[in-house]
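Trainee: The lines below spell out each chain.
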Amino acid sequence: MLATIAIKCTNIEIIDCRGMEPISQILSPIVSIGCPLVVLYLRQDFRTTIGKQFAKDYPDDCMDLLSAFVAQNLSLKSVEVMSDEWRHENHESVTEICGQLSRLTQLRDLTLHLRVKDENNSLSESLRTIGLNCKQLQRLTLRLDSYRLPINGQTLDSLKSYHKLKRLDLTLFESNDDILLEPLKLCHRLTHLTLDIWEMKTKFFINCEKHWPRLQYLSIKALTLTPEWLSHIARLPALQTLVIHSLLWANKDAVKDHVFEDLFSINMAQHIKHTKTSLETTDDGNEDKDTQQSQIYAKDSLDRFGDDLCALIVSYLSLEDRFRCECVSKQFQRTVFESVVDITLSDEFIKRLSKEKRRAIEMVAINNQLLPTFGPLITRIDNIYLKDKQLLTHCHRLSQLSINSLSEVFDSTSRQLLAKNLQKFEFVYELTDNKEQLSAFVAHNQSIKSVDTLPEMCGQLSRLTQLRELRLSFGVKDGENSLSELKRLRLVLYMPIDQQLLEPLKLCHRLTHLTLSLRQMSDKLLDNCGKHWPRLQYLSISANGMTRECLDHISRLPALKMLCNPSIENPLYNEYPFIANDLKSFDGFAIHI
Amino acid sequence: MADNADHIDGDDNEDVRAQQNLIKIKLKSSEGGIYECGLTAAKMSDLVKNMVESLGTDAVVTTEPIILGNEAVTDAALKKIIEWVEFHWDDPPVDHDFEDEKDRRNEELSHWDKQFIDVDDQALLFDVIAAANYMDIKGLVEVGAKHICSKIRGKSCQEVREMLKITNDFTAEEEDAIHKENAWIYAKD
Chain A
1 MLATIAIKCT
11 NIEIIDCRGM
21 EPISQILSPI
31 VSIGCPLVVL
41 YLRQDFRTTI
51 GKQFAKDYPD
61 DCMDLLSAFV
71 AQNLSLKSVE
81 VMSDEWRHEN
91 HESVTEICGQ
101 LSRLTQLRDL
111 TLHLRVKDEN
121 NSLSESLRTI
131 GLNCKQLQRL
141 TLRLDSYRLP
151 INGQTLDSLK
161 SYHKLKRLDL
171 TLFESNDDIL
181 LEPLKLCHRL
191 THLTLDIWEM
201 KTKFFINCEK
211 HWPRLQYLSI
221 KALTLTPEWL
231 SHIARLPALQ
241 TLVIHSLLWA
251 NKDAVKDHVF
261 EDLFSINMAQ
271 HIKHTKTSLE
281 TTDDGNEDKD
291 TQQSQIYAKD
301 SLDRFGDDLC
311 ALIVSYLSLE
321 DRFRCECVSK
331 QFQRTVFESV
341 VDITLSDEFI
351 KRLSKEKRRA
361 IEMVAINNQL
371 LPTFGPLITR
381 IDNIYLKDKQ
391 LLTHCHRLSQ
401 LSINSLSEVF
411 DSTSRQLLAK
421 NLQKFEFVYE
431 LTDNKEQLSA
441 FVAHNQSIKS
451 VDTLPEMCGQ
461 LSRLTQLREL
471 RLSFGVKDGE
481 NSLSELKRLR
491 LVLYMPIDQQ
501 LLEPLKLCHR
511 LTHLTLSLRQ
521 MSDKLLDNCG
531 KHWPRLQYLS
541 ISANGMTREC
551 LDHISRLPAL
561 KMLCNPSIEN
571 PLYNEYPFIA
581 NDLKSFDGFA
591 IHI
Chain B
1 MADNADHIDG
11 DDNEDVRAQQ
21 NLIKIKLKSS
31 EGGIYECGLT
41 AAKMSDLVKN
51 MVESLGTDAV
61 VTTEPIILGN
71 EAVTDAALKK
81 IIEWVEFHWD
91 DPPVDHDFED
101 EKDRRNEELS
111 HWDKQFIDVD
121 DQALLFDVIA
131 AANYMDIKGL
141 VEVGAKHICS
151 KIRGKSCQEV
161 REMLKITNDF
171 TAEEEDAIHK
181 ENAWIYAKD
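One line per chain: the protein sequences are A and B, in this order. According to full-length UniProt numbering, numbering within the first sequence proceeds without interruption in unit steps and concludes at 593. According to full-length UniProt numbering, numbering within the second sequence proceeds without interruption in unit steps and concludes at 189.
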């Protein structure tokens, strides 16, 4: 089922495995089933790898690469292949690429962007191979640039062998003869059709209602459109959305007056939901533009919203609710998983998944060979026991790491540092830890913005000039001017303090959030705090010895929005005029009432 | 230290914002109604902000109202929107140094926002959201989205459809297939 999730949530970037271990066991089903996490990885990496190979102009290597890749990912469901912009294929390489792709029998979604600069540019054979082997194929995007050579009329012939094809997106850069598009008429199952074709013939749409009885979505981009087209298109029985981009109308006046009336009157009866039509009419190069928009919907129906806004709204649903709502409508189905970029896997979640379909998750034994595959996807690791520290070197994108001991990020034998360029780091500092290790770690992680640790290393930490958040659980070394960039500070001190210790805090002028947990409040700390911390929005103090003066000072903080003080024992707050301060939230008071 | 204090008083100085909000500009709905709104508050709309910046503040204050042509910006919706920005104009700016995006998304709406957005007239609610989206007021779109999502939570597909008046364009077979795929959601603990 994890695989299902991964298939639906195609935009996923982060998997959060907090508290799950070992992660390899959790993630291996996803990897082994070969679903989109891998696809996502491949979509980026595969393309760049191939691009690089092309750049070196070693087509043989590239094919080897493709072959090896296909062999290891036979269950891929979605593939996108693009030629580099300056690179063009010859007939042989196209045949070979398609031959390799045809081994992916589970393929459902294929995107092919090809540039063919070859007289013999028929893709007919290649497409037939794919059609015969990839029987599950439902969505095909084909972009064909033939460098001004006419495209062979047979090219699309084999589309009739794509029995499950539902969505077709076709972009042709060259004019073509009448027979090229004829095979499309045999794709009776099409629900979505996008045509971006320079020149199209009116007669292509004659009887289109018979060819495409299920067509819901039609998008046409063409140089010239005639009103006759619309009268044909209007007969499509299932059409819900029509998008037209055109530069020229053959007969502009006719379009304005009655054509759309026809379109609507015919389609209204067939419950057309919304017609989004944007017409840009240019009359023989004159800048005479005419934009028309028409939408039909009920004001109190969510159907009135376009996909963008709908996606934005449903992006606040939990993952479970997203699955529950998938079948509300097709718009929901399209949009509900779009915004999922971050999944949190917990034991409970996995248990729930595995309870329903235990068999679906074939737990693969921990296989270190898989880790290099999904390592590059990981951006966050949280308190996981790393059996093999070297695995960290595969996690190029890792930015947040939480471990127990600093020595875990060093190779035991070579003493090499394994985690570099982190942004957030949490660990427990031990007195036995090697100072050199800490120094090396700091040197290689200058971009760290957040640290949670113990105090002995403050001297080292002061080298992290990007630091924006610091959580110390013991003490702070004074005189750290380089900490003046700090925005958030949480300070827990269990020892008696003197006046001097907290003085450096006054230099942190950029503080927006401050949490202090002290035994005894320092008298002078809050003097003039309005000047020291002009941006402080959040203040939480738990300490003995909070006096009326302290509150007096606090009330002068100009930007304060939240004050939390669970330890306050006296009724001072009752009478205190915080109103002037525009506090939006005041916490802690309630606890003691 | 004085230097430091000067340095951090930048564009987001609260006093300046407060003063600017005393300046009133006029906004015109697609139905023709004209309403006054504080400048800082109105600039919560990126659309208005860009207009004000390109026209210059003086021009906006003294001349014609800013026309909001989108049909979702009805009189009623614009009144609601002005009410919202006038309440929220002094919210602290977003701090991109932290991953607050996720926290903010998960944060529950404030009591005021809940009462504000809980309108009985669903057409008005959708107008407000669509208008806020058109005017590019991200905070308000978020309030609307969270409100709708809180109503969706835990409901069945059919209940969601009825509530939001969504047309079911799936065939029975298609719906069954999706149900089967997502069976784990309905599994009892």
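Derived from the structure by calculation, the hints contain no laboratory data. Treat the hints with caution; some may be incorrect.
Derived, one-sided and incomplete: chain B residues facing chain A with beta-carbon distance under 7 Å [said to hold, decoys possible]:
#: 1; residue: V16
#: 2; residue: Q20
#: 3; residue: N21
#: 4; residue: W89
#: 5; residue: P93
#: 6; residue: E101
#: 7; residue: Y134
#: 8; residue: I148
#: 9; residue: K151
#: 10; residue: R153
#: 11; residue: I166
#: 12; residue: F170
#: 13; residue: A172
#: 14; residue: K180
#: 15; residue: N182
In the DSSO-like style, the derived pairs of lysine-lysine whose C-alpha atoms are separated by at most 30 Å in a straight line are [stated by the list, open to error]:
#: 16; chain 1: A; residue 1: K561; chain 2: B; residue 2: K28
#: 17; chain 1: A; residue 1: K330; chain 2: A; residue 2: K531
#: 18; chain 1: B; residue 1: K180; chain 2: A; residue 2: K299
For every residue, glycine included, the Cβ atom is placed at its ideal position computed from N, Cα and C.
Trainee: It remains to establish, for every hint, whether it holds in the given structure.
Mentor: Right, here's what the structure says about each hint:
no.	hint	verdict
1	V16	violated (13 Å)
2	Q20	violated (17 Å)
3	N21	violated (13 Å)
4	W89	violated (12 Å)
5	P93	violated (10 Å)
6	E101	violated (10 Å)
7	Y134	violated (10 Å)
8	I148	holds (5 Å)
9	K151	violated (11 Å)
10	R153	holds (6 Å)
11	I166	holds (5 Å)
12	F170	holds (6 Å)
13	A172	violated (11 Å)
14	K180	violated (11 Å)
15	N182	holds (4 Å)
16	A:K561 with B:K28	violated (33 Å)
17	A:K330 with A:K531	violated (56 Å)
18	B:K180 with A:K299	violated (33 Å)
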